[in-house]
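Take the given structure of chain A and dock chain B to it, following the hints.
Protein chains: 2
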Amino acid sequence: MTTMENRTYDEIAIGESAEVTREVTRADIELFAVVSGDVNPAHLDDVYASGTRFKGVIMHGMWSGAIVSSLLGVHLPGPGTIYLSQSLAFKRPVTIGDRITFKVTVKEKRDDKKIVVLECTGVNQDGKTVVDGEAVVMAPSEKLAPTAPAVPQVSIARDGGPAVAYVRK
Amino acid sequence: MTTMENRTYDEIAIGESAEVTREVTRADIELFAVVSGDVNPAHLDDVYASGTRFKGVIMHGMWSGAIVSSLLGVHLPGPGTIYLSQSLAFKRPVTIGDRITFKVTVKEKRDDKKIVVLECTGVNQDGKTVVDGEAVVMAPSEKLAPTAPAVPQVSIARDGGPAVAYVRK
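Each protein sequence line maps, in turn, to chains A and B. As numbered in the working numbering, residues 1 to 169 make up the first sequence, in order. As numbered in the working numbering, residues 1 to 169 make up the second sequence, in order.
Isolated chain A (complex conformation) (with noise of 0.2 angstroms):
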């Protein structure tokens, strides 16, 4: 059994960072479209989003805010958080391939209500940002290691083809 140990306020380091490194595939932008009900073709149709200045399908961009709220809900500070606020500006496209190392970095601590306040980036395969902002939660006082949760198992079938076993890369 895993457990998800969280970071409490105190223990929490101005510059203490955690990352996770995303190789973005078609199911992953499917399963967001899906779950957002954001079903632009910009998205999911191949033909339509050659046409584009992107020239071809694009990830969404507010997939890119899921992926940083999942490090703060896991790994810094983890569970016990309470997540008040979150700015997000999207520089560049992201696509099918792309690798995307999102990182949370603590900036600044607020005493008076445990509030940490944290940079966070996502930079591509090539150096470039792709987006970066700011998310500023309550941090836990108490430390908290639970059991990580069984995780359902999702599949995707597309056209009427069979189900395919989503694997995040």
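By construction, these hints were calculated from the structure, which means they are not laboratory data. Just to be clear, a hint being listed does not mean it is correct.
A pair counts as met if it fits within one copy or between any two copies, since identical chains are not told apart.
[Unchecked claim] Capping the alpha-carbon separation at 20 angstroms, the derived lysine to any residue pairs in SDA-like fashion look like this:
1) K128 / S85
2) K169 / I96
3) K169 / R110
4) K169 / S155
5) K55 / S141
6) K55 / L84
7) K169 / P93
8) K103 / S87
9) K55 / M138
10) K107 / S87
11) K143 / V47
12) K103 / S85
13) K55 / I82
14) K91 / K114
15) K113 / A89
16) K91 / Q125
17) K143 / D111
18) K103 / S155
19) K113 / K128
20) K107 / A89
21) K143 / Y48
22) K169 / I156
23) K91 / E134
Quick caveat: nothing in here was measured; it's all calculated off a predicted structure.
Using the frame of chain A, we list chain B on its own:
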């Protein structure tokens, strides 16, 4: 065949809005956990979550960001929109069974770069604001009405049980 008609910069009026109401299901939470990687037990484990300040599982904050972004991508301005930035303040928790009405309202137009600023809100069934913020987009110059793309079918299986089709409420 359905088409998705956009609103061009010139067509868009201050005060114009688009909205969608979503009734939150457990499958919505599970799917957002999988797509984002945020598998914090506050979202997935009823027993753990019953011991938190929210007394049960809650939806990921950034899910609200995803729904807001879908309004921009599909309805206002819709196809051809370039997403520049988003701020979000998470005001109250969202849980299973909540009915959240998300709305984006045009508050400003900047002619030089065809930029549109939209106020974004999510209000629950009790009239309480759960999220608010601001989106900045570059609106399309050109009128577009692409065919709505085929959307993959997604299924979710829990604990080795059967795969159940994901149906958005």
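Results for each hint:
1. Taking CA atoms no more than 20 angstroms apart as the test, K128 paired with S85 passes between copies only; the shortest distance there is 17 angstroms, against 25 angstroms inside one copy.
2. For the homomeric pair K169 and I96, the shortest alpha-carbon distance inside one copy (11 angstroms) is at most 20 angstroms, but the shortest distance between copies (29 angstroms) is not.
3. When the C-alpha separation of K169 and R110 is checked against a cutoff of 20 angstroms, the pair qualifies neither within a copy, at 36 angstroms, nor between copies, at 40 angstroms.
4. Taking CA atoms no more than 20 angstroms apart as the test, K169 paired with S155 passes in both settings, with 15 angstroms inside one copy and 19 angstroms between copies.
5. In this assembly of identical chains, K55 and S141 lie within 20 angstroms of each other by CA distance solely across copies; the values are 18 angstroms between and 48 angstroms within a copy.
6. In this assembly of identical chains, K55 and L84 lie within 20 angstroms of each other by CA distance solely across copies; the values are 18 angstroms between and 36 angstroms within a copy.
7. In this assembly of identical chains, the alpha carbons of K169 and P93 lie at most 20 angstroms apart only when taken from the same copy (19 angstroms versus 30 angstroms across copies).
8. Taking identical chains as interchangeable, the C-alpha atoms of K103 and S87 lie at most 20 angstroms apart whether they share a chain (14 angstroms) or sit on different chains (18 angstroms).
9. Only between protomers do K55 and M138 lie at most 20 angstroms apart by alpha-carbon distance; the minimum there is 18 angstroms, versus 41 angstroms within a single protomer.
10. Both within a single protomer and between protomers do K107 and S87 lie at most 20 angstroms apart by alpha-carbon distance, with minima of 15 angstroms and 18 angstroms respectively.
11. For a Cα distance limit of 20 angstroms, the shortest separation of K143 from V47 across copies, 18 angstroms, qualifies, whereas the shortest one inside one copy, 51 angstroms, does not.
12. In this homomeric assembly, K103 and S85 come within 20 angstroms of each other (Cα to Cα) both inside a single copy, at 17 angstroms, and across copies, at 18 angstroms.
13. Taking the shortest Cα distances, K55 and I82 sit within 20 angstroms of each other only across copies (14 angstroms), while inside one copy they are farther apart (39 angstroms).
14. In this assembly of identical chains, the alpha carbons of K91 and K114 lie at most 20 angstroms apart only when taken from different copies (17 angstroms versus 31 angstroms within one copy).
15. With identical chains, the CA atoms of K113 and A89 are at most 20 angstroms apart between copies only, with a shortest distance of 16 angstroms across copies and 27 angstroms within one.
16. For the homomeric pair K91 and Q125, the shortest alpha-carbon distance inside one copy (15 angstroms) is at most 20 angstroms, but the shortest distance between copies (35 angstroms) is not.
17. In this assembly of identical chains, the alpha carbons of K143 and D111 lie at most 20 angstroms apart only when taken from the same copy (17 angstroms versus 51 angstroms across copies).
18. Taking the closest pair of Cα atoms, K103 and S155 never come within 20 angstroms of each other, the shortest separation being 28 angstroms inside a single copy and 30 angstroms across copies.
19. In this assembly of identical chains, the alpha carbons of K113 and K128 never lie at most 20 angstroms apart, being 35 angstroms within a copy and 23 angstroms across copies at closest.
20. In this assembly of identical chains, the alpha carbons of K107 and A89 lie at most 20 angstroms apart whether taken from the same copy (18 angstroms) or from different copies (19 angstroms).
21. Proximity of K143 to Y48 under the C-alpha cut-off of 20 angstroms is restricted to the inter-copy arrangement: shortest distance 14 angstroms between copies versus 50 angstroms within a copy.
22. Taking the shortest alpha-carbon separations for K169 and I156, both the intra-copy value of 15 angstroms and the inter-copy value of 19 angstroms come in at or below 20 angstroms.
23. In this assembly of identical chains, K91 and E134 lie within 20 angstroms of each other by CA distance both inside one copy and across copies; the values are 14 angstroms within and 17 angstroms between.
Checked against the numbered hints above, the structure violates hints 3, 18 and 19; every other hint is satisfied.
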